[in-house]
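Each chain, written out:
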Amino acid sequence: MVHSWSVRAFLYQVPSFLLYYKLGKIIAIFFYMMAFALLESILVTAALVLLGFVLPLKWFREGFPYKAFLTVSVAAGAMIYLQSILDNKLPPKETFLLLGGISFAAVVLLILLAHNLKFLQKVLLFIVDRLSILLYLFLPLSTIGLVVVMIRNFW
Amino acid sequence: MSPDQLVSRRDFLKLASFLPMAAFANQWGDILAAGNTPEAHNVIIFVFDAWSAHHLDLYGYVRETMPNLTCFADRAIVYHNHYSAGTYTIPGTASLLSGLYPWTHRAFQVKSGVAAQHIGRQAFAVLGGKHSTTGYSQNKYADVLLGQSENYLDAHIRLSSFNLQSGYPYSQPLLKNDSQVAFSSLEANIIERGKGFDASLFIGPLYRTGKLYEKSLLVERCRERYPRGLPEVGEVFLLEGLVDGIIDTLANLDQPAFVYLHTYPPHEPYRPTAKYDGLFENDGYRPDIVAPHFLSTESNQADELRRARRSYDEYLASWDAEFGRVYRFLEESGLLGNSYVIITSDHGEMHDRGEIGHISRLIYTPLIHVPLLVSRPGQRQREDVTVNTSCVDLLPTIASLTGCPIPEWSEGQLLPGLGGSEDLLRSIFVVEAKANSSFLPLQRYSVSLTKDRYRLTSYNYPKFQGYEFFDLDRDPAESVDLYPSHPAVAVMMQDELLERLFEVNRPYRNNLLPLGFDS
Numbered sequence: 229m230v231h232s233w234s235v236r237a238f239l240y241q242v243p244s245f246l247l248y249y250k251l252g253k254i255i256a257i258f259f260y261m262m263a264f265a266l267l268e269s270i271l272v273t274a275a276l277v278l279l280g281f282v283l284p285l286k287w288f289r290e291g292f293p294y295k296a297f298l299t300v301s302v303a304a305g306a307m308i309y310l311q312s313i314l315d316n317k318l319p320p321k322e323t324f325l326l327l328g329g330i331s332f333a334a335v336v337l338l339i340l341l342a343h344n345l346k347f348l349q350k351v352l353l354f355i356v357d358r359l360s361i362l363l364y365l366f367l368p369l370s371t372i373g374l375v376v377v378m379i380r381n382f383w
Numbered sequence: 161m162s163p164d165q166l167v168s169r170r171d172f173l174k175l176a177s178f179l180p181m182a183a184f185a186n187q188w189g190d191i192l193a194a195g196n197t198p199e200a201h202n203v204i205i206f207v208f209d210a211w212s213a214h215h216l217d218l219y220g221y222v223r224e225t226m227p228n229l230t231c232f233a234d235r236a237i238v239y240h241n242h243y244s245a246g247t248y249t250i251p252g253t254a255s256l257l258s259g260l261y262p263w264t265h266r267a268f269q270v271k272s273g274v275a276a277q278h279i280g281r282q283a284f285a286v287l288g289g290k291h292s293t294t295g296y297s298q299n300k301y302a303d304v305l306l307g308q309s310e311n312y313l314d315a316h317i318r319l320s321s322f323n324l325q326s327g328y329p330y331s332q333p334l335l336k337n338d339s340q341v342a343f344s345s346l347e348a349n350i351i352e353r354g355k356g357f358d359a360s361l362f363i364g365p366l367y368r369t370g371k372l373y374e375k376s377l378l379v380e381r382c383r384e385r386y387p388r389g390l391p392e393v394g395e396v397f398l399l400e401g402l403v404d405g406i407i408d409t410l411a412n413l414d415q416p417a418f419v420y421l422h423t424y425p426p427h428e429p430y431r432p433t434a435k436y437d438g439l440f441e442n443d444g445y446r447p448d449i450v451a452p453h454f455l456s457t458e459s460n461q462a463d464e465l466r467r468a469r470r471s472y473d474e475y476l477a478s479w480d481a482e483f484g485r486v487y488r489f490l491e492e493s494g495l496l497g498n499s500y501v502i503i504t505s506d507h508g509e510m511h512d513r514g515e516i517g518h519i520s521r522l523i524y525t526p527l528i529h530v531p532l533l534v535s536r537p538g539q540r541q542r543e544d545v546t547v548n549t550s551c552v553d554l555l556p557t558i559a560s561l562t563g564c565p566i567p568e569w570s571e572g573q574l575l576p577g578l579g580g581s582e583d584l585l586r587s588i589f590v591v592e593a594k595a596n597s598s599f600l601p602l603q604r605y606s607v608s609l610t611k612d613r614y615r616l617t618s619y620n621y622p623k624f625q626g627y628e629f630f631d632l633d634r635d636p637a638e639s640v641d642l643y644p645s646h647p648a649v650a651v652m653m654q655d656e657l658l659e660r661l662f663e664v665n666r667p668y669r670n671n672l673l674p675l676g677f678d679s
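Protein chains in written order, with my numbering: chain P, 229 to 383; chain B, 161 to 679.
For the record, the hints were derived by calculation from the structure and aren't laboratory data. Keep in mind that a hint or two might mislead.
What the hints assert, rightly or not - Cross-link-like lysine-lysine pairs, in silico, DSSO-like; alpha carbons within 30 Å at most:
(1) B/Lys336 with P/Lys253
(2) B/Lys623 with P/Lys250
(3) B/Lys371 with B/Lys355
(4) B/Lys355 with P/Lys321
(5) P/Lys317 with B/Lys435
(6) P/Lys317 with B/Lys371
(7) P/Lys250 with B/Lys355
(8) P/Lys317 with B/Lys355
(9) B/Lys355 with B/Lys290
(10) B/Lys371 with B/Lys290
In this text the structure is predicted, and so the values were computed from the model without any measurement.
Full structure from sequences and hints, please.
If you want it as structure tokens, here you go:
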């Protein structure tokens, strides 16, 4: 999810990059973004794993793949909304409370639903399974990205 | 020792002991020369971002916006018709540092830099051998240009150094070898500034929220001194903190030094201090406003434009109070006595034709007429130069003043009063082409040619193509377009402009072929 969002942003910027960068630099920018996305993915995954350890076994660790997927999906939606309202000024406190409250409620509700509806679980696991194919693309790209960033800055 | 041997083994070893000294002799020569010739003077350039000469009492403005600058002018050469080569930071600063017009250095777009083949053609490279070089820009876009100069800079002061916040990940020393790509990746991309989506799904918005929260606390803390909020450049800063940083930098120079100090004020947002907030509110001055242009990107009403103009003037007055401290320091430290002090801007600012600011396709006097003051070491008398000059003249002039060879690639001339002669028929160009590719001939552009008292501007965009021609003496507000009557001067200037465009486009014409265009 993190990588896909990053690729979307990169494609959005490409027309402007083409005005002043040659292909080599544009690819370098892509690798910077992939490297950053890898670090971000590791952080998000670590946060979910931590959540699994902190919460009671039944709440999160049981059915971790679909519960983590639901949590990340709702959080991603909230973050995209937050990005859309951020400007040079901090939004009012109420906006954050509302956004946090709605997101939390949505996660709890969806997890409860999925926990009790086997069909929903199956659908979610099917999606997770399909999405995991992207790992075979993004993981090598991110690794190359890290190497590229290091080479460009240390050599 | 045989008679045919000129030097014995013993003598050779004795002579060899002098070799290390010989290796240093070259450097000693340089050091001694630097100490005994006029080239040892420092060169200190102050660039105040978005600073229009149109708003200075020094140049005849009705509001007394910068009295300390006027004091400085009493011991400087004041250039009355000095023009930037671009209408915003990147092309303006790149031209100032390189002595090249934007159509040559190709830094047209907001996040771009100078073309690879021109990176070594700039002031730090020219003066680097004789002077220690220090560069500082509070403006992140100009900082990209300093990043390109990294190899020629002894000290590159990071752009957050004098701010209250420090939040530009790309400017970390870790990424300094690749600052331009790091900038394009991280700034306004992985982490967005202002309005827009970050490429980073989670860290981006959380990081921005944290920074905005920090900013709101700082703004509240300083509300009494800055009632309209703190000055900001993505990060907030204090005018006095910025000046403290500048003074500290100047106090620790490795002389002779070449120093480039690019400050963000008086760039918008205009945030005057309490003392100057409302200073011009009831002064009765009501400037005339020209109606929006066909190419105007904003449509602010006249009252809004006047309000913005007043805020800009009050911010200038605040900045001038701080500049006074720099001026006193220069005087007391003796730097004025042994330095060329140059004060100028990268471009101007406009509050007219519906537009506030400078991100515009228009080219009019407030946007390109910038101050230029040069104080020679120990100068005591004011001198005035009224002929047209351009920011591309700075590099050859500085090179000449410091005894460096004048680069043959520079498109500028020596400034009058500093080795150059007054050329009344000098052609001065301004290029705005942010919608144009750096690799292709100029196709979407605004280009102006100022010559003597006339200005011809060519606009070439899909929705508007045409010329404007003004007599700047009779119509300084550029409100009456004389082009439709085809005066002979306009026709001659048009021929010159087209010829020049043909020339500068020549190296890029072949780049059109792979795209399917006929060259």
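Each hint, compared with the structure:
| no. | hint | in the structure |
| --- | --- | --- |
| 1 | B/Lys336 with P/Lys253 | 16 Å, holds |
| 2 | B/Lys623 with P/Lys250 | 28 Å, holds |
| 3 | B/Lys371 with B/Lys355 | 14 Å, holds |
| 4 | B/Lys355 with P/Lys321 | 19 Å, holds |
| 5 | P/Lys317 with B/Lys435 | 25 Å, holds |
| 6 | P/Lys317 with B/Lys371 | 10 Å, holds |
| 7 | P/Lys250 with B/Lys355 | 27 Å, holds |
| 8 | P/Lys317 with B/Lys355 | 10 Å, holds |
| 9 | B/Lys355 with B/Lys290 | 45 Å, violated |
| 10 | B/Lys371 with B/Lys290 | 42 Å, violated |
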